[in-house]
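Peer 1: Got chain A sorted already, so can you dock chain B onto it with the hints?
Each protein sequence line maps, in turn, to chains A and B.
Counted from 1, the first sequence has number 217 at position 217 by the working numbering; the numbering is strictly sequential.
Counted from 1, the second sequence has number 231 at position 231 by the working numbering; the numbering is strictly sequential.
Each hint should be verified, as a subset may be incorrect.
What the hints assert, rightly or not - Below, a list of computed lysine to any residue pairs in the SDA-like style, where the Cα atoms sit at most 25 Å apart: (1) A:K504 to B:Q195; (2) B:K58 to B:G40; (3) B:K33 to B:N236; (4) A:K504 to B:T88; (5) B:K58 to B:G22; (6) B:K29 to B:G40; (7) B:K29 to B:V182; (8) B:K72 to A:R280; (9) A:K529 to A:R331; (10) A:K213 to A:P124; (11) B:K72 to A:I279; (12) B:K72 to A:P493; (13) B:K79 to A:I279; (14) B:K11 to A:R494; (15) B:K72 to A:G413; (16) B:K11 to B:V242; (17) A:K504 to B:G70; (18) B:K67 to A:R280; (19) B:K67 to B:V192; (20) B:K72 to A:Y508; (21) A:K504 to B:G22; (22) B:K120 to A:D502; (23) A:K504 to B:P116; (24) A:K142 to A:R331; (25) B:K120 to A:P306; (26) B:K29 to B:Q195; (27) B:K72 to A:D502; (28) A:K504 to B:F112; (29) A:K504 to B:I87; (30) B:K120 to A:P493.
Just so you know, the hints here were simulated from the structure itself, not pulled from any lab data.
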Amino acid sequence: MAFLFAQFLTGLANASSLFLVASGLSLIFGVTRIVNFAHGSFYMLGAFVGVTLMEILPGAVGFWGAILLTGLIVGLFGAIVEMVVLRPIYRAPELFQLVATFGVILVIQDLALMIWGAEDRMGPRAPGLRGVWRIFDEPVPKYDIVIIAITPFILFALWYLITRTRVGILVRAATQDREMVGALGVNQAWLFTGVFALGSALAGWGGALQLPKGGADLLMDFNIIGSVFVVVVIGGMGSLPGAFIAAVLISVLNVLGVTYLPQSTLVLMFVVMAVVLIIRPYGLLGREEVAGEHGQVGAPEAPIRPYGPVGRSLVAALLLVLAVVPFFADRFLMTLLIDMIVFALFAASLHFILGTGGLVSFGHAAFFGGGAYAAALLVFHTGTPMELAFLFAPLAAGLLALGIGWFCIRLTGVYFAMLTLAFSQLVWSLAFQWRSVTRGDDGLVNIWPAPWLNGPVPYYYFTLILGVGGILFLRHVIHSPFGYALRAGRDSPRQAEAMGIDVKRVQYVAFALAGVMAGLAGGIFVFSKGSVFPTELEIGASFDALIVVFLGGVKTLAGGVVGAGFMTVVEDWLTRLEYWRLLLGLVIIAVVIIAPEGIVGSLQTLWRRIRNTGDEEIAR
Amino acid sequence: MTDILRVEDLKKSYDGFVAVNGVSFSVAKGELKALIGPNGAGKSTCFNMLTGQLRPTKGDVWFDGEKITGRKPREIWRKGVGRTFQITGTYQSMTVIENVQMALMSHHHKLFSFGPRAWKLYREEAFEFLDTVDLADQADRPCSVLAYGDLKRLELAIALTHRPRLLLMDEPTAGMAPTARVALMQLVADIVRDQGVSVLFTEHDMDVVFAHAHHIMVLNRGELIADGDANAVRNNPRVQEVYLGGGTLFKEAADA
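Isolated chain A (complex conformation) (with noise of 0.2 Å):
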């Protein structure tokens, strides 16, 4: 029993760090609906502030002292971030912000990168507070029990400052009606600045405050953000108490599992998030909202159309080409062609949910790598043919779709991202801590295709006929009496529903639909590296499609694909540069402020300006 509590007491000291992170996060959400994806790199950013201050301070008032300057450090550089990246797409759909704020995380990896080093850091301890306090018997660090006290005035304090003064009164007022705020009189721009420098110094004191505990390196931006949404999701978004609660559940949990149950910790996390969800779909704190009140960049998406001859004709040179490729081709070229139709399909189908069918899915990479560990698990533990282990890439991505899909096709907007940003978080846990299954981290090897396939130009072709086959097929079905219903679902889904449209039936066949092409991605995939590892079904693997489908363009059928092409190529040339991070960041932002219609969307705006052609005329 006293261990038991020690145990506790950990947990809610673990707790404090991810309820800053957290309140952080739900703080700026609150006021301004940005998913702030970067909000886990300030926290890295307070770690990396708070060593480097630590080091120069002197005693107790200096690792105090350099907590408190590491937040005011932090905050200031978010405000920077807030005014010169989102203060221009505010009004963008979240997919913008999404991909901006992504870019920050890039930028400030290589910057920490650069200042820093690669090397990890240890955090000092708490001056006059190294040792243990004994509770009931057991061992608690001192500095548990400080952060333990500290935590809950810290939660007081941002309670008061928001519900009892006249700045948290005119945030919860920007909360609920941004433009009516403004024409009160008040300054939104700044108050909106105030709220991201607030909640990213709150990021960077739960960065510092947890040194002593942990420290600092280069992959605490990734590893926090899925805890965080986590917390988010479970205490509700916008809510500091249902943070607060959620902290402490995730983290007495994670205490609870690491000694019980130490194989399934991530899992967890995400299992009683499913749980709370089933029940609460809106958190524990959370209240029902209408989200996703984001405007439009540009002019309305414009009637499709299947290609005329002309597109048709181009599409069947590009395919001639490309099936005559491995007559003068070497094998560098091929596997990078390879690379390429298999990103454009994956690509495709995270278009084919996005961008018909407006549904904003923050883990598409859930069914790709989901696809290619399932036929790899099978070639791997049964030796099963892979002609078979292939075929069940896809079926068991559509499979997954469909678990997943049953809980997140009830939600909308940000939630509906957040909910699959956090499941496919939980599949990367399966395969990362599953060992006795997946080998975790070692990964799955030795998956090569059927010997008739065995060879770079047989399976460039198996490659070219599957990946253009798919592709192909999706934007049959985007032109079909279902794609059309998918769209009208997103365009208005109140009209859809007035028409004897199901509207939620109609996105979770879709959904699924998007996720067996995703699986017949990665099982293209897998055969073609012979290997899959968790990297796969990482974050940043969702995020990497996210961007290649917002750099082609969403409004635009053929976004995903050139988005991936292009994609393929930089990354490729880009990736031998040592700081390349920073500059693909940098584009990335440039490209969301300066060119929102991405590649294929500017280049028919273009294309029409010369032509000097009406906006009525209907892109063939």
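Peer 2: What follows is chain B alone, placed relative to chain A:
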């Protein structure tokens, strides 16, 4: 049984605020009936309860003898109730005719069909509906460039696609030019006469109401205060009280 729609003691309250309070009425087959009342009287709330967007706190709705209280909008639509909204919700990314085709695809149970090209389906049929509301010449324009009055007419065409027996129109002429209003309501009146559709509509323009409605109901603060023909409503003292200063308007309408 000549009533297509019967509403009994319908009530909607939000945390103590009563938006619609015990409203009972019926719409006869082939009738063009108006529901009027000042802003905030509960007209749209009432409509939303009839077509399933809102669940009533109390009371029941019968459509053609069948209880439809609390059913989903799409189920009520399938039973043969059409609906247009105060703020149009057409599909911006489709052309005008595709908006109509979409409704036809739903009507013909083709929503989960993956084979055919959607823009070729039911095109002729859709043209006829567009022709009914005089939009055939704009069929292939993107919906997003349509003028507001044209959108209203498109909505009417969409609402007619499944050959509804009852049509509910929430402020069908709001935001239209006066001549266009009269033309649109004349069109609705023709449809009622030719196709035997019953129509219930809300409206602020008294010219439109008194010129076309067979019967008029007046809603005030969630309560039905009058239900009868134009003369009865015009002379109802409670109605005159509600529309203070509106008495002259009624007289003009009577003279017209």
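Peer 1: Please go over all the hints and tell whether each is borne out by the structure.
Peer 2: Hint check results:
1. Straight-line distance between C-alpha atoms of A:K504 and B:Q195 comes to about 33 Å, which puts the hinted pair past the 25 Å bound.
2. The suggested pairing of B:K58 with B:G40 holds, with an alpha-carbon distance near 20 Å, which does not exceed 25 Å.
3. Between B:K33 and B:N236, the direct Cα distance comes to roughly 17 Å. Compliance with the 25 Å bound is thereby established for this hinted pair.
4. For the suggested pair A:K504 and B:T88, the alpha carbons sit about 21 Å apart, so the restraint of at most 25 Å is met.
5. Of the supplied pair hints, the one linking B:K58 and B:G22 holds, its CA atoms being roughly 8 Å apart against a limit of 25 Å.
6. Pair hint B:K29 plus B:G40 does not hold up; C-alpha atoms about 28 Å apart against a cutoff of 25 Å.
7. Restraint check for B:K29 and B:V182: the C-alpha separation of about 23 Å stays at or below 25 Å, so the hint holds.
8. For the suggested pair B:K72 and A:R280, the alpha carbons sit about 22 Å apart, so the restraint of at most 25 Å is met.
9. A hinted pair counts as satisfied when its Cα atoms are at most 25 Å apart, and A:K529 with A:R331 qualifies at roughly 13 Å.
10. Distance restraint check for A:K213 and A:P124: the Cα-Cα separation of roughly 9 Å lies within the 25 Å cut-off, and the hinted pair is therefore satisfied.
11. A distance of roughly 22 Å separates the Cα atoms of B:K72 and A:I279; the hinted pair therefore holds under the 25 Å criterion.
12. The hinted pair formed by B:K72 and A:P493 meets the criterion: a straight-line CA distance of about 13 Å does not exceed 25 Å.
13. Restraint check for B:K79 and A:I279: the C-alpha separation of about 33 Å exceeds 25 Å, so the hint is violated.
14. As the CA atoms of B:K11 and A:R494 are separated by approximately 22 Å, the hinted pair is consistent with the 25 Å bound.
15. Simply put, B:K72 and A:G413 have alpha-carbon atoms about 22 Å apart, close enough for the 25 Å limit, and the pair holds.
16. Distance check on the hinted pair: B:K11 and B:V242 sit about 21 Å apart at the alpha-carbon level, within 25 Å; holds.
17. Restraint check for A:K504 and B:G70: the C-alpha separation of about 18 Å stays at or below 25 Å, so the hint holds.
18. A C-alpha spacing of about 31 Å is found between B:K67 and A:R280, which places the hinted pair above 25 Å, so the restraint is violated.
19. Between B:K67 and B:V192 the CA atoms are separated by roughly 24 Å; this keeps the pair inside 25 Å, and the hint holds.
20. Restraint check for B:K72 and A:Y508: the C-alpha separation of about 18 Å stays at or below 25 Å, so the hint holds.
21. Distance check on the hinted pair: A:K504 and B:G22 sit about 33 Å apart at the alpha-carbon level, beyond 25 Å; violated.
22. For the hint pairing B:K120 with A:D502, the CA-to-CA distance comes to about 22 Å; that is within 25 Å, so the pair holds.
23. A hinted pair counts as satisfied when its Cα atoms are at most 25 Å apart, and A:K504 with B:P116 qualifies at roughly 22 Å.
24. Taken as a hint, the A:K142 and A:R331 pair is broken in the structure, with Cα atoms around 60 Å apart against an allowance of 25 Å.
25. For the suggested pair B:K120 and A:P306, the alpha carbons sit about 11 Å apart, so the restraint of at most 25 Å is met.
26. At most 25 Å may separate the alpha-carbon atoms for a hinted pair to count; B:K29 and B:Q195 meet this at roughly 11 Å.
27. Restraint check for B:K72 and A:D502: satisfied, since their Cα atoms lie roughly 10 Å apart, inside the 25 Å limit.
28. Distance hint between A:K504 and B:F112 is fulfilled; the C-alpha atoms sit about 13 Å from each other, no more than 25 Å.
29. A C-alpha spacing of about 22 Å is found between A:K504 and B:I87, which places the hinted pair at or below 25 Å, so the restraint holds.
30. Distance hint between B:K120 and A:P493 is fulfilled; the C-alpha atoms sit about 23 Å from each other, no more than 25 Å.
Of the hints listed earlier, those the structure fails to meet are numbers 1, 6, 13, 18, 21, 24, in rising order.
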